[in-house]
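Student: Here is how the chains run, residue by residue.
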Amino acid sequence: MSMMKKLLISSAVAGIVLSANMASANTLKFAFQGDAQSLDPHGLNETFTLGFLSNVYEGLTRLDKDIKVVPGLATSWEVTSPTTIVFKLREGVKFQNGNSFNADDVIFSWKRTLSEGSDQKVRGSMVKDIKKIDDLTVEIHTNGPQPLMPSEWAWIYMMDKEWSEANGATSAANVKDKDANGYTLTHANGTGPFEVVSRQPDVKTVFKRSASHWNKDIITNITDIEFTPVKQAATRTAALISGELDMVYPIPVQDWKRLDKEDGVSALRGAEARTIFLGMDQSRDELLYSNIKGKNPLKDVRVRKAMAHSLNLDIIKKKIMRGASTPTGLMIAPQVNGFNAEYNTPYKYDPALSKKLLTEAGYPDGFEITIDCPNNRYVNDEKICQAAASMMAKVGIKMKVLAQPKSKYFGKVLAQNNYDTSMYLLGWTPGSMDVHNVLQGLISCQNKETKAGLFNLGNYCNARVDELQKMVGVETDAAKRQAYVDEAMKIVKDEVAYLPLHQQPLSWGVSDKFTLNQRADNAFDFRYVVKK
Amino acid sequence: MFSFLVKRLLQSVVVLVAVALIAFSLFKFVGDPINNMVGQDTTLEEREALRESLGLNDPFHQQFYNFMVNAAVGDFGISYRHKVPVSDLIAERAPATLELSIISALLSIFIGIPMGVYTAINRSGFLSRSFMTVSLVGISLPTFLIGILFIFFFGVILRWLPTFGRGEVVALGWWTTGLLTWSGIKSLILPSITLALFQMTLIMRLVRTEMLEVLCTDYIKFARARGLHERAVNFGHALKNTLIPVITIIGLQLGLVMAFAIITETVFQWPGMGMLFIQAIEEVDVPVMAAYLMMISLIFVAINLLVDILYAFVDPRLTIDGGSKHG
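Just so you know, the sequences run in chain order A and B.
Sequential numbering of the first sequence, starting at 1, is according to this note's numbering.
Sequential numbering of the second sequence, starting at 533, is according to this note's numbering.
If you're looking for bench data, these hints aren't it; they were derived computationally from the structure.
Idealized CB from N, CA, C, for every residue including glycine.
Nothing false has been slipped in among the hints.
Per the computed footprint, the stretches of chain B lying under chain A, defined by three or more beta-carbons under 8 Å from a beta-carbon of chain A, are:
| # | region |
| --- | --- |
| 1 | 554–565 |
| 2 | 670–684 |
| 3 | 695–707 |
| 4 | 808–815 |
The task is simple: from the sequences and hints, build the whole structure.
Tutor: Printed below as a string of structure tokens:
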């Protein structure tokens, strides 16, 4: 073969390879209203940040597209005693820097969750000790029985010990330490299917598909991803329609019609696992914000029932949520483990009954109360409060709405400010996707020692429910556990501990060139993105 | 001159301290920073520990004193949200804002002044009337609305220009610029016009009014009588005398352009200091808010100082050590 021919052939081959590469380079550009707090996998326990990082980092277990717990970096686990769980680690898993994943990394990552600056201490402290049996087996000793540990640990991401040590990142990035290296704020090295190419906080984060990922069954054909936070909803929508972005979220529900009219884009709607509800102060002897002095009307179950029956959830759905919410009678969404449809019927809308109950309770002319409401946290939060206020007004309860930005709102109503509220609107997604999180955080009596009821802002308190919560927390038999859950939920409902409103809609705007999975906790998993 | 400078500098320091004090006392109304720094499951004890270690439990005067002592040496602490020193954050974001502000200022000067002159000379022309009408829109429509309309028209309908962001930037040392790439320049067009529009119309109307006044004066009549070219009269004589108040306003408005940039940056997702500030308010990132406010007030104070000094040079009737003498 002549030299010339050789050259021609090799350049032709190179050309083919090149064009093949070109054809397979698929880029997705997407935007969210804010940015992940940082790339540190243990820095903030918040859905967006953790969901964002789930594409780069993985835990021993992970959540699949329906938020069910499936094996992640562990292939299986076995409860060998009430406080011992043995995890078998997956073989051949590589971090993005090429290091192998092994038992030492598990122990290291766990210790890191307990370091100062970590916001994963609650999940980290479920575990008392981790013993390395061999490179691919760990024996985890929990603090008391922790049947939920494997699912909670889907959010505990595994880091490479050697990489972290080499980069001075053995503890989570810390806001107080001026000399902290902070390497993990903008750098990542996980085992996940995508790696971070570059990151400028609040401006742009670029990902690329990791060649070495262990799971070859992932359906995505995307090779590059560009993420930009875009704060203004109008700008996000415009960028999607103009084709500069392929996916943006959230889209205001008011913009759905607009997207439906445009070619090439559509609004992807679904039910989020977040339940929106109203809470009531049931512990103070006198309400902080009411005209009734010397007693607390909300302690009277008849008053709470009157409130429940005064709310027309269908009107809220139709007028405020544009038909996109799911009215609910339970404090958990259908996607949450422990959900039982039997108890999910909302309180009946019956203003006549409300008036009767109020009269019986001694408030024939109603009373005044102030409701605290965020105005930039949940979908149409302030409007929901206003709607509730006008519905309550019809039965005589004059509800004043105090709507504030979320940082002001949370600063006022949460524990650190002594639960300074008489009534409030809150939304909740259990991070573990299990009912126990709700029973413990929202429904148990406030208890500083056991840390239960931290978000039970109105301190609804029932001894039996407390007992059931503890039983649910340690019961491993599914049927028995569900029976406890059902009993607790029935009491909660009969006593009107809360006024559940709805599960709010998820609202993503997606270019028709892509298909993807909208997970019910609003996390965006790149594993399911496919370019058509 | 020296005593004047010392006096003005001392006054400036007092202004800065006052701004810091007012800003600082407002921060406690912004909300609770801890809540944005941790997730919902974080225990009360840990929240309390974090609060304590950040010094948020210290009495107000203690917090303020610590802030001033550190700020005096240029240390604004660590951002609660980004966990990096605030000065680094600001240095990283400053080029975006400065580039936007400077381009906008140039636009408003080089379009505003000629438009002002034109409308003054051809008072009843069709073009002048339409300039005046359009300027009314520019002065009365809020910036964010103009921005969104621009995005809608040029970004969504015509698809000529990007709807958000800064495009590709090139790093020149610590400075990043979008002026060297095509996408960077395209990205700059809409935000800079949005930001410039208000100043542009202000300058145009100011120039027009001043110009009309000057055109009626005796020396212009005399210049005309001398048979000078219309061009020489308008630009050589009239415009020159118009510019003194215009320069003052431009100087003072420069600080405002940077302050106005907050809104423009939010609408266009422009990664500058204004965006950083808005984000900081939302997340109650006190160190960032404090540093930004201090920086903006420093810029205002510096510009005012400079203008005062320039005044003395430009207008000899004003003396710098004892108020103005009326001649």
